[in-house]
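In case you want the letters, here they are:
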Amino acid sequence: MASYILRRLLQAIPIVIGISVVSFLIVHLTPGSPVDKFRTPRVSPETINNLIRLYGLDQPLPTQFVKWFTHFWTFPFDNSAWGYSFTDGLPVRDKIFARIPSTLWLTGVSLLVTVIIAVPIGVLQAIRQYSWSDKIITTFETIGYAMPTFWLGLMLKQTFSVQLNLFPLFGENSFGKNGDILDLLWHLALPVTTLAIIQIAGWSRYMRASMLEVLRQDYIRTARSKGLTERSVVFKHALRNALIPIVTLLGLTVPALLSGAAITETVFSWPGLGWLSVQAVTDRDYPVVLATVMIGGVMVILGNLLADIAYAVVDPRITY
Amino acid sequence: MTRQDDGTPLLAIKNLQTHFATADGLVKAVDGVSFSIRNGATLGVVGESGCGKSVTALSVMRLIERPGRVVGGEILFDGKNLVDLPDDEMREVRGNAISMIFQEPMTSLNPVFTCGSQIAEAISTHGGITGDEAHKRAIEMLTQVGIPDAARRAGEYPHQLSGGMRQRVMIAMALSTNPDLLIADEPTTALDVTIQAQILELMKALRERNRMAIMLITHDLGVIAEMADDVVVMYAGKVVEQSDILTVYEHPHHPYTHGLLASIPRLGEKRERLEVIKGVVPNPLNLPAGCLFRRRCPNAMPICEVAPPLQEIAPGHLSRCWLTPAGDPPSVGEAPGTDAALVAAAALSVEQ
Ligand SMILES: Nc1ncnc2c1ncn2[C@@H]1O[C@H](COP(=O)(O)OP(=O)(O)O)[C@@H](O)[C@H]1O
Ligand SMILES: [Mg+2]
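Sequence order for the protein chains is A and B. Counting from 1 along the first sequence, just add 44 to a position and that's the residue number in our numbering. Counting from 1 along the second sequence, just add 513 to a position and that's the residue number in our numbering.
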């Protein structure tokens with residue numbers, strides 16, 4: 045297993061380089077330049093040229109890339125590794141690291157809520173396939189799946205914050221209540237509900253399909269033929285197998301938690317990575333955009349690896 | 514468990530009807546099947562694929578799933594009618610007094626549990642022993658079915674075993690509760706020939722030791738010859754011939770049975786090609802009127818437009834065919850040929 049993981053990590057290197065080149069090019073080839081916003085009649089062309097030289101934008105692209113890429117990976121030791129934000133001059137690394145806890149709270153809690161609710165729903169639907177309860181839940185799942193996140197977020201906010209005044213409008217803490225966990229959870233309620241509703245719709249469909257697939261397997265008939273109770277057949281023999289693809293999916297999802305939930309964070313002004321990257325794109329804050337894209341890419345690779353490891357852990361048929 | 518042989522059969526199926534209400538129409542997979550199995554005896558059930566053998570077996574186990582349903586008949590076992598036994602009592606029978614093994618050893622074991630734990634589960638469900646004791650008994654069972662190094666194998670997962678080994682595990686699991694009846698649904702069909710022979714030998718040996726009855730389902734009369742005391746031949750959801758093994762081999766009556774016998778490959782016999790029955794089993798959604806075998810039958814006669822009843826042509830020998838007991842076409846003017854007999858026969862076949 046250890047050698048497998050090592051091999052996979054080595055295989056990941058060219059992929060990471062590929063991701064880097066592509067993200068770098070996309071950011072640099074988009075029309076416009078980060079110095080554009082300084083081009084006002086009151087700023088002299090020399091100043092602009094100085095800025096261009098200061099940022100290194102006058103050098104050939106390959107040079108810029110190599111400089112950026114090699115510097116990028118020194119981030120554990122160097123807070124300037126990801127450069128400085130064009131908007132406020134702060135080290136990008138520190139800006140991003142500061143956002144990680146908020147993002148993890150939001151995505152982590154919502155994933156937990158999602159799994160706890162979606163798995164039992166999917167199982168219930170599968171064992172009562174085509175019943176009224178299955179059909180009604182399916183309808184809600186379809187609605188939930190089709191609903192745009194921003195719209196759902198705004199509706200929840202409108203109803204529960206504005207009209208009923210039950211939950212805060214934005215942010216993650218009330219003034220002066222930093223570190224108060226109850227206050228944090230209170231702020232989390234609506235954004236988590238938004239994310240969870242949409243995710244539950246998808247995950248419960250997935251669980252239902254997985255369970256249905258397992259329930260028609262021969263070994264389920266064998267389990268019944270042994271005289272086991274229906275409970276044991278469903279929750280021991282079937283569920284254990286039906287969870288295998290779910291755990292794999294979870295492995296894929298966990299690292300994505302870090303990339304944040306851009307839309308939900310933006311709607312609720314949740315100070316996480318997702319909101320940061322949306323702001324950075326709007327501001328053409330290249331270093332921040334690049335860093336968040338890179339984090340996203342690396343997380344996808346790690347997610348795949350984690351999914352494969354999880355697969356081997358839960359399915360005895362898989363060994364590496 | 515050993516039972517007193519007081520003449521009542523261990524299992525008596527009476528006019529069993531199991532139908533599937535599919536989207537395309539009603540499939541009468543089992544349509545009025547009756548037979549019984551004596552204590553300790555082996556009954557072979559033969560017929561081509563799709564004749565309703567598995568559905569009959571699953572009906573006995575009460576494992577028919579939607580859209581299927583037992584719509585009529587009785588399954589008497591140990592003084593109880595399994596058809597309307599409450600679920601909890603049926604679970605006591607299932608895997609305990611009646612065990613079943615299936616055709617597909619590759620997929621019949623749960624891939625995420627060890628072989629030993631799957632056997633131990635059957636034991637602790639019915640045997641009153643649990644934990645280490647059940648596990649020890651599971652290893653004993655694996656030894657009994659001829660798995661070398663049983664203690665190690667018990668800790669392995671199904672995918673680590675070959676098909677033959679997995680079928681042995683299934684047998685160990687089925688026999689771990691000392692059933693009175695073992696239903697074996699094509700237990701060797703998916704295995705290659707040498708392994709087939711080994712599994713049949715094993716079943717014979719275990720049958721002697723455990724004094725259990727076996728309902729052996731197969732499409733291969735050769736396998737039946739090895740194992741069975743009595744034979745039921747099924748065709749399109751109905752019994753077409755039934756008798757003891759010798760009679761079926763030496764004086765088969767129904768043309769379908771003749772056809773099945775002709776298609777057994779024999780060792781040392783040079784034949785250009787195996788004879789097979791021409792044509793296919795009729796579409797269960799659109800069964801022809803009259804004898805269901807008539808369109809494939811080399812002996813088809815005008816009278817076959819009327820469905821023949823299952824009649825006793827000799828003591829203990831039943832056949833669903835208009836041919837005389839000697840195998841000749843019924844002559845006009847003789848009993849079944851007369852108009853009156855035709856009408857009577859038609860009435861009978863409606864009841865059947
Ligand atoms: N789940 C099902 N739904 C519809 N028809 C079924 C189902 N299971 C079996 N049948 C029908 O029942 C008939 C008998 O099947 P089966 O007992 O499996 O045959 P076999 O003799 O090969 O074991 C077939 O015509 C098959 O199409
Ligand atoms: Mg079958």
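Honestly, the hints are just simulated from the structure, not real lab data. Treat the hints with caution; some may be incorrect.
What the hints assert, rightly or not - Residues of chain A clear of chain B, computed beta-carbon distances all greater than 12 Å: (1) Lys81; (2) Thr114; (3) Val258; (4) His281.
Stated by the list, open to error - Pairwise CB distance ranges, derived in the manner of DEER restraints: (5) B:Arg582 / A:Trp176: 33 to 39 Å; (6) A:Ala190 / B:Gly538: 19 to 25 Å; (7) B:Lys527 / A:Arg172: 32 to 38 Å; (8) A:Pro58 / B:Val793: 54 to 60 Å; (9) B:Gly538 / A:Trp176: 22 to 28 Å; (10) B:Ala534 / A:Ile187: 53 to 59 Å; (11) B:Ala534 / A:Leu226: 22 to 28 Å; (12) B:Thr643 / A:Arg172: 40 to 46 Å; (13) A:Leu156 / B:Ala710: 35 to 41 Å; (14) B:Lys649 / A:Val60: 48 to 54 Å.
Positions of the beta carbon are idealized from the N, C-alpha and C atoms, including for glycine.
Practice item. Check the non-interface label on Val258 (chain A): least C-beta distance to chain B beyond 12 Å or not. Key: violated, 10 Å
Review point. Lying within 32 to 38 Å: is that true of the beta-carbon distance Lys527 (chain B) to Arg172 (chain A)?
Key: Check passed, 34 Å falls within 32 to 38 Å.
Practice item. Could you say whether the range 53 to 59 Å given as a hint is met by the Cβ separation of Ala534 (chain B) and Ile187 (chain A)? Key: Violated, at about 32 Å.
Review point. Has the hinted range 54 to 60 Å been met by the Cβ atoms of Pro58 (chain A) and Val793 (chain B)?
Key: holds, 56 Å
Review point. If you check the beta carbons of Ala534 (chain B) and Leu226 (chain A), does the distance land in 22 to 28 Å?
Key: violated, 57 Å
Practice item. Check the non-interface label on Lys81 (chain A): least C-beta distance to chain B beyond 12 Å or not. Key: The claim stands: Lys81 (chain A) keeps its Cβ more than 12 Å from every Cβ of chain B (closest is about 59 Å).
Practice item. Could you tell me whether the CB distance from Thr643 (chain B) to Arg172 (chain A) stays inside 40 to 46 Å? Key: violated, 31 Å
Practice item. Using the Cβ atoms, figure out if Gly538 (chain B) sits within 22 to 28 Å of Trp176 (chain A). Key: Since the Cβ atoms of Gly538 (chain B) and Trp176 (chain A) sit about 25 Å apart, the hinted range of 22 to 28 Å holds.
**Study point:** Minimum Cβ distance from His281 (chain A) to chain B greater than 12 Å, as the annotation requires
**Key:** violated, 6 Å
Point to revise | Range hint 35 to 41 Å (beta carbons of Leu156 (chain A) and Ala710 (chain B)) holds or violated | key: violated, 56 Å
Check your understanding: Measuring from beta carbon to beta carbon, are Lys649 (chain B) and Val60 (chain A) in 48 to 54 Å?
Key -> holds, 53 Å
Check your understanding: Do the beta carbons of Arg582 (chain B) and Trp176 (chain A) sit within 33 to 39 Å of each other?
Key -> violated, 21 Å
Hint violations for this structure: numbers 3, 4, 5, 6, 10, 11, 12 and 13, all remaining hints satisfied.
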